[in-house]
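So the protein sequences, as listed, match chains Y and F. Following full-length UniProt numbering, the numbering of the first sequence begins with 1 at its first residue and continues without gaps. Following full-length UniProt numbering, the numbering of the second sequence begins with 1 at its first residue and continues without gaps.
Keep in mind the hints are simulated off the structure, nothing from the lab. Hints are not guaranteed to be accurate.
Said to hold, decoys possible - Under the rule of at most 30 Å between Cα atoms (straight-line distance), these lysine-lysine pairs were calculated in the BS3-like manner:
hint	chain 1	residue 1	chain 2	residue 2
1	Y	Lys290	Y	Lys179
2	Y	Lys4	F	Lys125
3	Y	Lys289	F	Lys124
4	Y	Lys164	Y	Lys179
5	F	Lys30	Y	Lys164
6	F	Lys124	Y	Lys4
7	Y	Lys164	Y	Lys289
8	Y	Lys179	F	Lys27
9	F	Lys124	F	Lys193
10	F	Lys25	Y	Lys179
11	Y	Lys164	Y	Lys290
12	F	Lys193	F	Lys125
13	F	Lys193	Y	Lys4
14	Y	Lys164	F	Lys27
15	Y	Lys289	Y	Lys179
16	F	Lys30	Y	Lys179
17	F	Lys124	Y	Lys290
18	F	Lys20	F	Lys30
Said to hold, decoys possible - Partner residues are not named here, just some residues of chain F that face chain Y (Cβ under 10 Å, in silico):
hint	residue
19	Ala37
20	Phe50
21	Pro106
22	Val141
23	Ala204
24	Leu238
25	Thr262
26	Gly270
27	Leu282
28	Ser293
Here a beta-carbon is modelled for each residue, glycine too, at the ideal position from N, C-alpha and C.
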Amino acid sequence: MNSKVADRIATTIFYLIAATIVTVLVGLLGYIIFHGFSKLNLDFLTSPSSSFRAGGGIGNQLFNSFYILFLTMVFTVPLGLGGGIYMAEYARPGRLTNAIRTCIEVLASLPSIVIGMFGLLMFVNLTGWGYSILGGALALTVFNLPVMVRVCEDALRTVARDQKEASLALGITHWHTIKTVLLPAAFPSILTGAILASGRVFGEAAALLFTAGLTTPTLDFYNWNPFDSTSPLNIFRPAETLAVHIWAVNTQGLIPDVREVADGSSAVLIISVLIFNLLARWIGSVVHKKITASK
Amino acid sequence: MDNKTMTMAASQRLLKKSNKSALQKEKRGKYLVLASALLIISATIAITIFLGSKGLQAFISNGVSIYEFLTSTKWNPTAENPLYGAVPFILGSFAVTILSALIAAPLGIGGAIFMTEIAPSWGKKILQPVIELLVGIPSVVYGFIGLSVLVPFLRDTVGGQGFSLLAGMIVLSIMILPTVTSIATDAMSSLPKGLRESSYAIGATRWQTIWRVLIPAAMPTLLTAIVLGMARAFGEALAVQMVIGNVRSLPSAITDPSATLTTIITLNMGHTTFGSVENNVLWSLALILLVMSFIFILLIRYLSSRRQF
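Sequences are here, hints too, so could you generate the full structure?
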């Protein structure tokens with residue numbers, strides 16, 4: 001075959017591949033948003049779900065998702081920041097650093113169901129909490145920690161060397177330099193990374209099945225005492241998140257309007273993830289403009 | 001604190017040997033971040049030990065035979081004579097992983113080449129965000145679309161129930177496509193420019209350059225991309241569980257329903273009693289998942305040690 005003909009055929013194939021990938025995404029998003037959008041109304045988003053009858057909403061699930069996400073980030077951000085600072089600033093080449101790197105790699109590649117099972121062993125059975133929001137949030141912390149450490153480490157490493165050296169040359173201690181020079185400069189990328197990681201946590205289900213459970217008790221949204229069992233803020237109650245809800249209604253659900261509920265929930269999940277993505281880019285660039293001199 | 005520093009005399013502000021509080025803070029800070037780094041190690045060790053000991057319990061204290069577990073194809077833990085053959089799930093996991101990699105690898109690497117070689121200017125602007133959005137779609141949503149679109153479609157066109165190895169393979173290949181594409185793109189764009197230019201200079205066409213020069217040069221990293229995708233496919237639970245059909249027997253064709261390690265765990269973990277034999281064998285299945293993810297990491301380490309560029 002003529003090599004020019006072969007070249008043209010190959011080019012066409014590459015175009016087709018690219019078109020396929022774009023079509024897949026457009027098809028997926030289009031399908032979810034087209035089917036789900038009509039189901040989205042305030043009532044669906046705020047009313048509690050029903051286990052047998054049609055017409056249930058996703059109010060509790062939505063609240064649970066955001067609450068677990070919030071708790072997870074409360075645990076992950078400081079730990080990830082600490083790990084990232086250590087890896088970027090203090091770690092010297094050697095066995096300990098290698099070991100930490102290997103562990104980050106292992107944790108990052110563990111299947112989320114395995115992390116969920118570890119959570120079941122550790123935060124459900126060993127602690128005696130049963131299925132709880134706290135257990136779910138801790139399992140998701142294990143799931144999210146390696147991502148957060150990498151984000152923080154990369155963000156700190158990309159800060160210009162001059163800035164750090166200038167600070168050290170003034171006689172400022174290393175720790176103070178990190179706190180006052182490096183962290184502010186790395187803040188926009190850390191924030192962007194944290195929001196992107198939030199999107200991942202928000203959609204995670206496998207790690208929550210056996211840690212936060214598949215049920216939500218009746219919640220009284222006027223009761224904000226975190227120690228009361230009907231309070232939404234109680235961290236020791238079981239909590240089904242939105243992503244888990246989609247799985248549960250499809251595989252074990254008894255409600256007749258499975259499709260409607262799943263369509264609507266998937267649309268909410270996808271739209272939330274899209275918002276997280278856009279927010280990450282937008283906030284990142286806004287904060288970057290605010291705290292640096294660059295235009 | 002700023003005000004205080006300013007009102008201090010110059011001699012006090014200078015960093016001297018006696019500046020104890022700054023040095024103490026330095027130490028405290030260092031130990032604080034070291035502690036968070038060590039927490040990562042302890043979490044990894046805890047996961048390995050906990051899952052390892054729990055996974056071996058079925059063999060050690062319940063007397064399940066390891067040989068039967070790894071070689072028998074009969075799984076029925078609730079029967080009068082319980083059978084614990086995990087082969088259908090192990091094979092199912094490997095089958096969907098390899099099959100989905102067979103689809104995702106050419107598509108992903110093709111997409112990467114499109115972005116870096118064919119249309120570097122506008123192709124990247126379109127495909128990059130597409131890939132990032134695909135990563136962001138939660139796995140249950142993939143499973144739900146698979147369940148509500150793909151399964152009925154397969155039922156009508158290919159026949160059978162629709163719930164099949166084929167459905168699992170298609171859903172997984174879309175899920176791992178972004179992983180493969182983004183790493184393959186990094187691999188292609190990190191190749192030195194000289195490679196392309198010298199190939200074009202001796203009169204090779206673009207396809208010849210890609211096929212004979214660039215792909216072989218980037219091979220170790222391209223393989224890393226595929227292995228990482230396979231690792232993700234192997235551990236994926238819910239999306240596969242929703243479309244694969246979940247039977248306990250070996251599939252005889254690609255259109256037959258099947259099961260994987262993750263799907264059987266997902267289905268049965270919730271309603272078996274903690275500590276029972278039935279439950280313990282599920283932990284043994286999880287141990288296989290853990291061991292496999294270690295093997296994937298070793299494979300990736302080996303591949304990255306062979307990187308040339």
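Right, here's what the structure says about each hint:
For the hint pairing Y/Lys290 with Y/Lys179, the CA-to-CA distance comes to about 18 Å; that is within 30 Å, so the pair holds. With a C-alpha separation of about 28 Å, the suggested pair Y/Lys4 and F/Lys125 falls inside the 30 Å cut-off, and the hint holds. Of the pairs offered as hints, the one joining Y/Lys289 and F/Lys124 holds, with about 25 Å between alpha carbons and a cut-off of 30 Å not exceeded. At most 30 Å may separate the alpha-carbon atoms for a hinted pair to count; Y/Lys164 and Y/Lys179 meet this at roughly 11 Å.
For the hint pairing F/Lys30 with Y/Lys164, the CA-to-CA distance comes to about 17 Å; that is within 30 Å, so the pair holds. About 25 Å separates the Cα atoms of F/Lys124 and Y/Lys4, which keeps this hinted pair within 30 Å; it holds. Taking the CA atoms of Y/Lys164 and Y/Lys289, the gap is about 20 Å. The hint holds against a cut of 30 Å. Between Y/Lys179 and F/Lys27, the direct Cα distance comes to roughly 13 Å. Compliance with the 30 Å bound is thereby established for this hinted pair.
Taking the CA atoms of F/Lys124 and F/Lys193, the gap is about 18 Å. The hint holds against a cut of 30 Å. Only pairs whose Cα atoms come within 30 Å are accepted, and F/Lys25 paired with Y/Lys179 is accepted, the gap being roughly 11 Å. Annotation: proposed proximity of Y/Lys164 to Y/Lys290 holds, straight-line Cα distance about 20 Å (limit 30 Å). A C-alpha spacing of about 21 Å is found between F/Lys193 and F/Lys125, which places the hinted pair at or below 30 Å, so the restraint holds.
With a C-alpha separation of about 22 Å, the suggested pairing of F/Lys193 with Y/Lys4 holds against the 30 Å cut-off. This hinted pair checks out: Y/Lys164 and F/Lys27 have alpha carbons roughly 18 Å apart, not beyond 30 Å. With a CA separation close to 20 Å, the supplied pair Y/Lys289 and Y/Lys179 stays within the 30 Å bound. Under the criterion of a C-alpha separation no larger than 30 Å, the hint pairing F/Lys30 with Y/Lys179 is consistent with the structure, at around 12 Å.
For the proposed pair F/Lys124 and Y/Lys290, the alpha carbon gap of about 28 Å is at most 30 Å, so the pair holds. Proposed proximity of F/Lys20 and F/Lys30 is supported: the alpha carbons are some 15 Å apart, at most 30 Å. A distance limit of 10 Å between C-beta atoms decides the matter here; for F/Ala37 the minimum to chain Y is near 4 Å, and the interface restraint holds. A least Cβ separation of about 5 Å between F/Phe50 and chain Y falls short of the 10 Å threshold, and the interface hint therefore holds.
At about 8 Å, the closest approach between the beta carbon of F/Pro106 and any beta carbon in chain Y falls short of 10 Å, and the interface hint on this residue holds. Annotation: F/Val141 was flagged as interfacial toward chain Y, and the flag holds, the nearest CB pair being 5 Å apart, inside 10 Å. Checking F/Ala204 against chain Y by beta carbon gives a least distance of about 8 Å; that is within 10 Å, so the hint holds. The beta carbon of F/Leu238 is positioned within 10 Å of a beta carbon in chain Y (closest approach about 5 Å), and the interface hint is therefore held.
Because the smallest distance between the Cβ of F/Thr262 and any Cβ of chain Y comes to about 5 Å, under 10 Å, the interface hint for this residue holds. The beta carbon of F/Gly270 comes within 7 Å of a beta carbon in chain Y, closer than 10 Å, and the hint placing it at the interface holds. Proximity of F/Leu282 to chain Y holds as hinted, the smallest CB-CB distance being about 8 Å (cut-off 10 Å). Annotation: interface hint on F/Ser293 holds; nearest CB of chain Y at approximately 5 Å, less than 10 Å.
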